[in-house]
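So the protein sequences, as listed, match chains A and B.
At position 303 of the first sequence (counting the first as 1) the number is 303 in our numbering, and the numbers step up by one without a gap.
At position 286 of the second sequence (counting the first as 1) the number is 286 in our numbering, and the numbers step up by one without a gap.
Since the hints were made in silico from the structure, they are not lab data.
Don't take every hint at face value.
The list cannot tell twin chains apart, which means a pair is met if one copy fits it or any two copies do.
The calculated lysine-lysine pairs, modelled on DSS-like cross-linking and capped at a C-alpha distance of 30 Å, are [claimed, not checked]:
(1) Lys182 <-> Lys266
(2) Lys63 <-> Lys266
(3) Lys182 <-> Lys63
There are 2 protein chains.
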Amino acid sequence: MTGTARTAYLDTAPLREGDTVALVSPAGPGNEESLQRAVGYYESWGLTVKVGASVLTPHPRAKYLAGPDDARRRDLVDAWLDPEVDAVVAVRGGYGALRLLDGIDWDHMRGAAARRDGRPKLLTGSSDITALHEAFRAHLDLPTLFCPMAGNNVFRDSEPIRDDVRRWLFEPWAGRELIGPKTEIMVPGRASGRFVGGNLSLLAAAMGAPEAAVPAPGILFLEDITEEPYRLDGYLTQLRRSGRLAQSTGIVLGSWHECGDIDLVKALMRDEFGDATVPVLWEQGFGHDPNALSIPLGVDGVLDATGDEPLLTVGVSA
Amino acid sequence: MTGTARTAYLDTAPLREGDTVALVSPAGPGNEESLQRAVGYYESWGLTVKVGASVLTPHPRAKYLAGPDDARRRDLVDAWLDPEVDAVVAVRGGYGALRLLDGIDWDHMRGAAARRDGRPKLLTGSSDITALHEAFRAHLDLPTLFCPMAGNNVFRDSEPIRDDVRRWLFEPWAGRELIGPKTEIMVPGRASGRFVGGNLSLLAAAMGAPEAAVPAPGILFLEDITEEPYRLDGYLTQLRRSGRLAQSTGIVLGSWHECGDIDLVKALMRDEFGDATVPVLWEQGFGHDPNALSIPLGVDGVLDATGDEPLLTVGVSA
């Protein structure tokens, strides 16, 4: 499987009607209502839905965690190992996925990654789930989908977001364009490479841990929410000092929702990336924006910022 | 010098009247009034005060930085290299010290560390200045003083804080006790080792960078301010996953000023450290508490939590 795993979804949709998804909460808690809503969306798309046993279990200490570490980890691992499951879907973020990683047997996960037709299972989620995308990148090297989560209000409130997620699940990925309405070219140029990254603060929080030691060359996607500019500055500084930025063949800056004055954020990014020798896009739109685009990770793509309008395309072009 | 550098201040005070200190702002900005106040304190203690050329220079982009990186770095390096300077004093924290580290020639700094009498120069400061304490630990292996800063209101408003800082500067360190009024034993035991650490979020932000690669065994001090429990959880998780916690022979938890409900912080710390095989103290008091104690770093000491009342003593006991 591994030879074709990264191209698995270019020409074949990840899911088809009748497939099974497992809903899990590796990070923060939802509630009965948001969970049922999430189940409803996936069932309405013709999918069979399994729900992790601990999704609504309270944590004995911390309200910000959706249940004890062992329970959240077991749900995640059981879902991935379940031969009936085609995709593992995180229903919300918050905080907590990072706490699970060291207790996961990644060899075991790798052995269970193939579905009956040889394609890998799919992990979906965003925000705090960046910790899982990074761990899957480092340990499994599979395509994953960084997308708005069905337990969140933004998913409930935006039909375009739901339609976008559905298309990523039910259509092949090759040739799909990823440019949002506000996207600008910050630094021109052309790059190809693996799509990697996600939430900036979570990428910073992984530094020093095993997954950060696995090189991540490629086109680096970065976004964040409710982080003041000085905090974003610190996370970027950490990524730079760790060598992570230097591995990038291109940079795609997504959305910076509730991170204070967007002009100050843009000035920070221009300070950090304005002299980059690789192309840089500003406000591509993925992340926490109310109209956030989904992005595929762990697949190859092309960033073409040589013309007036940037192009960001899944799959390798000539 | 290096053979005795770490014991330099055990039997000889770091400063005496007539010595020279250099005030620098490696992180956030102060203002003319707070700077003059800081100068006044040190002059009133019989010290000659030099002020970094860029201390009041605005940063062209970010109000949270006390001037451009190059200017802040130059002030810091010039002060350390100045043969007339006995101590380099950060007048405030905020954010920004991390941005300076990669541009410093540490071999050059090491070569300039000895004063005329062979004792090393002293660095003082806290909060964001943790980034410098960590870099000095990794690159220079010298004693430094983690203390409230003279440009801050807490220094202006508390005579006990000023007196405490003054004693650390003008009295030898051997045998000094470091237990605040609220200190409790969280995990009993006895440990000896180097005092290391400081601000938790800054220790986390150093992960992945060169200084974090230098092992830091010893008694680990941790404190923070205005970080919600879920953020503290993330920083602890990062330190744990990087191996930093496992290097500790003991843990000293300082103050958690404006980090939300202190009982939730305590529950988090008990979750993380309650089963530790090394002694752990809770609320020793250093950090951002309005009555924060100073702590020496880069020196050896003993944590004795075997009796009813904990002891935390500078210098090696029998």
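ask   = Is it within, between, both, or neither for Lys182 and Lys266, if the alpha carbons may be no more than 30 Å apart?
value = So Lys182 and Lys266 pass the 30 Å test inside one copy only (13 Å; across, 44 Å).
query = With identical chains treated as interchangeable, where does the CA-CA distance between Lys63 and Lys266 reach 30 Å or less: within a copy, between copies, both, or neither?
reply = between (34 Å within a copy, 14 Å between copies)
task = Could you place Lys182 and Lys63 in one of the four classes (within, between, both, neither) given a Cα distance threshold of 30 Å?
result = Between copies, since 27 Å is at most 30 Å while 36 Å is not.
When each numbered hint is compared with the structure, no violation occurs for any of them.
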